[in-house]
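Engineer: Here is how the chains run, residue by residue.
4 protein chains.
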Amino acid sequence: MLEELKQSVYESNMALPRLGLVIFTWGNVSAIDRATGLVAIKPSGVEYDELTVDDIVLVDLDGNVVEGHLRPSSDTPTHLELYRGFPEIGGVVHTHSNYATAFAQACREIPAYGTTHADTFYGAIPCTRPLDDEEIRGAYEKNTGTVILETFSEKDEAAIPGVLVANHGVFTWGKSGKEAVHNAAILERVAEMAYRTEQLNSSIKPIGKAILNKHYLRKHGKGAYYGQK
Amino acid sequence: MLEELKQSVYESNMALPRLGLVIFTWGNVSAIDRATGLVAIKPSGVEYDELTVDDIVLVDLDGNVVEGHLRPSSDTPTHLELYRGFPEIGGVVHTHSNYATAFAQACREIPAYGTTHADTFYGAIPCTRPLDDEEIRGAYEKNTGTVILETFSEKDEAAIPGVLVANHGVFTWGKSGKEAVHNAAILERVAEMAYRTEQLNSSIKPIGKAILNKHYLRKHGKGAYYGQK
Amino acid sequence: MLEELKQSVYESNMALPRLGLVIFTWGNVSAIDRATGLVAIKPSGVEYDELTVDDIVLVDLDGNVVEGHLRPSSDTPTHLELYRGFPEIGGVVHTHSNYATAFAQACREIPAYGTTHADTFYGAIPCTRPLDDEEIRGAYEKNTGTVILETFSEKDEAAIPGVLVANHGVFTWGKSGKEAVHNAAILERVAEMAYRTEQLNSSIKPIGKAILNKHYLRKHGKGAYYGQK
Amino acid sequence: MLEELKQSVYESNMALPRLGLVIFTWGNVSAIDRATGLVAIKPSGVEYDELTVDDIVLVDLDGNVVEGHLRPSSDTPTHLELYRGFPEIGGVVHTHSNYATAFAQACREIPAYGTTHADTFYGAIPCTRPLDDEEIRGAYEKNTGTVILETFSEKDEAAIPGVLVANHGVFTWGKSGKEAVHNAAILERVAEMAYRTEQLNSSIKPIGKAILNKHYLRKHGKGAYYGQK
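One line per chain: the protein sequences are A, B, C and D, in this order. Residue 1 is where the first sequence starts when you use our numbering, and the numbers rise one by one after that. Residue 1 is where the second sequence starts when you use our numbering, and the numbers rise one by one after that. Residue 1 is where the third sequence starts when you use our numbering, and the numbers rise one by one after that. Residue 1 is where the fourth sequence starts when you use our numbering, and the numbers rise one by one after that.
Just so you know, the hints here were simulated from the structure itself, not pulled from any lab data.
For identical chains, the list gives no copy identity; a pair is met inside one copy or between any two copies.
Below, simulated DMTMM-like cross-link-like pairs (lysine to aspartate or glutamate); rule was C-alpha separation at most 25 Å, straight line:
| id | residue 1 | residue 2 |
| --- | --- | --- |
| 1 | Lys142 | Glu47 |
| 2 | Lys229 | Glu50 |
| 3 | Lys178 | Glu47 |
| 4 | Lys209 | Glu109 |
Keep in mind it's a predicted model, so treat the numbers as computed, not measured.
Required output: the full structure, derived from the provided sequences and hints.
Structural biologist: Written as structure tokens, this is what we have:
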């Protein structure tokens, strides 16, 4: 069932190593079918060059395996928490991509230093607070999702489709798994540029509201004029 | 019409991802036929691995589409402003290449720290002032071109064939689209070297006039003796 | 004899350049057959694109060549010292990978700054003290192994399967040569992230014990729930 | 004539882009036949993907073209000066490789921070003084060679087979063009590691004489025991 969804999740997972965002078994992509509430996700600990579309696992929003011969990603509860908390999203990606994870490990948001950032992220990409010891020892992966939702309690997840989890790595999302992968790749590139921007000018400030609005809104929303639509 | 121009613009656009200067739909190359005043340019928001020569759009210097089934790059008004202001150039490139964009985001010029720089750029590669809010909210892409012209009001665009746009990215130019791509690749490499030069010696100064002259002039102008011509 | 071991050692050596961990003749992988006490190892100074499975050398734990037409790696005595001192390990890798070697040259351990590190290394990856002049002029390669054992006298080599040798490079180990290569690749990636983490936040501290435990133990030991086993 | 020499020089030139040491037309390799005093060298300004073995130019030690339909590299006088001043060398390489050129632009030598360096370079890789204006305006390329010889007036060019030219780039040499290319690749890698070593530990000192001796001499000279000879 949901063969098309599984195929697209398989393809999105395979894009991660090709885009240089993961090595070995790191990272995972999921996508949800909102009609049935079923989520297709990478199995846990399988190397990308051995992954096949048949390995993709289907789970419901409570984490029960509905179809598949393998265990789903250990990060599945984080994905599910995001699907429950962000009802408009259709896909979620988790990576430990290089520069973005350095920001996460530094417990720092990525400031919006330029239009490359503003084209996709409408402001700083936030970093969650670290989980406390109880949250870590308890339902850790679910709590990782919860602290992301907490971080976005006063932000718009459609306008900032990604987050750094302190000490850990990156989660991005989008209307589909494919769009979430796209956002993960851009987040990594933006992190790389921000890293060097600060090395070149330690007193640099984020870009102003006018240029942030201009670039974000020329690609998103009713007045958008970028692309072919 | 202008099939040769469109073919060369197509090939120059395809060189951008191959040279590592762009990902996804970022960046664009155009070239002008000065006889007709027509400009061939990449369509807006098309991924490089889907781009074909038939997608290249022809516009006149006022931005009217003369031929093509797609909308031209949203950066077209910047290209046109450069063709109007720099009457000798034949091609323009826009990228968000990594190191160069870090300089742009840091609102800093790239100083001429060595002969790799001087072989192509006859002095520092300047960074524009940031656009003000009115310029951003108005004809933003055209104003981006205007601030580049302003930056070159007392510089020779033939001798310094590229610029950083503050908070944004890179524009380069040349006698053709191909030459502009070549300059974009060298600008990125020069930015990378300048970045590390400063990390290694925070009190380093730009190279002197004698060595700048030697390297630039052994490749350009009447006394050039580099290459086969 | 031990054709399977030699084949696996050959394949593990060939993985080093493919993973970007070595160039030219740098680096080497060995694996031990604990039943016979024989070690299969790369020959000294052979380039990877010329290496064949027949070039793999078999030595005993005293370093005597038991089979092979070439001299074993000059680092063989270090490998043997590790096999003698760490009786549970089955494979050893030596590299001069880029970021990890920078830490080694800086005479610094790699702090555990995030979960990418904790997934594989249960705490900081230590750096040995520099060898003294007598140790260098004497049985240098054996003494390199001895100082690694000294560094781990109060650490668990199964939980921290790698070390930096001061001024020199990296040794990792594992249950097999393949696992040791895997650990070498992760150590390099972790070093890269740690390097940038410090550049982004010079006052950052290692992660807490709770998150270190959570990530290490979800992949290792009796309570592990990562992967398919 | 000297077909074998031209073939090897062609192959060595082609190795430069493959090893990531040059882009476009940058860099060049030459090799000398000491019996005839003839030098085979890359032609000036030819792109690597268009270069053929027939394009290789033969010049004598005074720079006269003896064979070839193209002009020799504009850096030919530097190569010739090195062949005259270092009578034992058989090949010369010039690159603007990334990290090494950053050191050259920073006007800094590369300190010997580890055994990767010591395996090939018996001490710091020096940086020349900048040429003065008269030297630049005069026989610039020849003077570049002369200042290299001056830098090595009290050093052994066999033990330190490379140099940084201030504000410019890298020259390496060896018994053959192939060995010089090998040294150029190692010099770049060593520069990369040294760069990061300093970022990780700003008070780090070069390695001691004992470890420098050990590593250099286990690969070079009468007591060498690395490799198969």
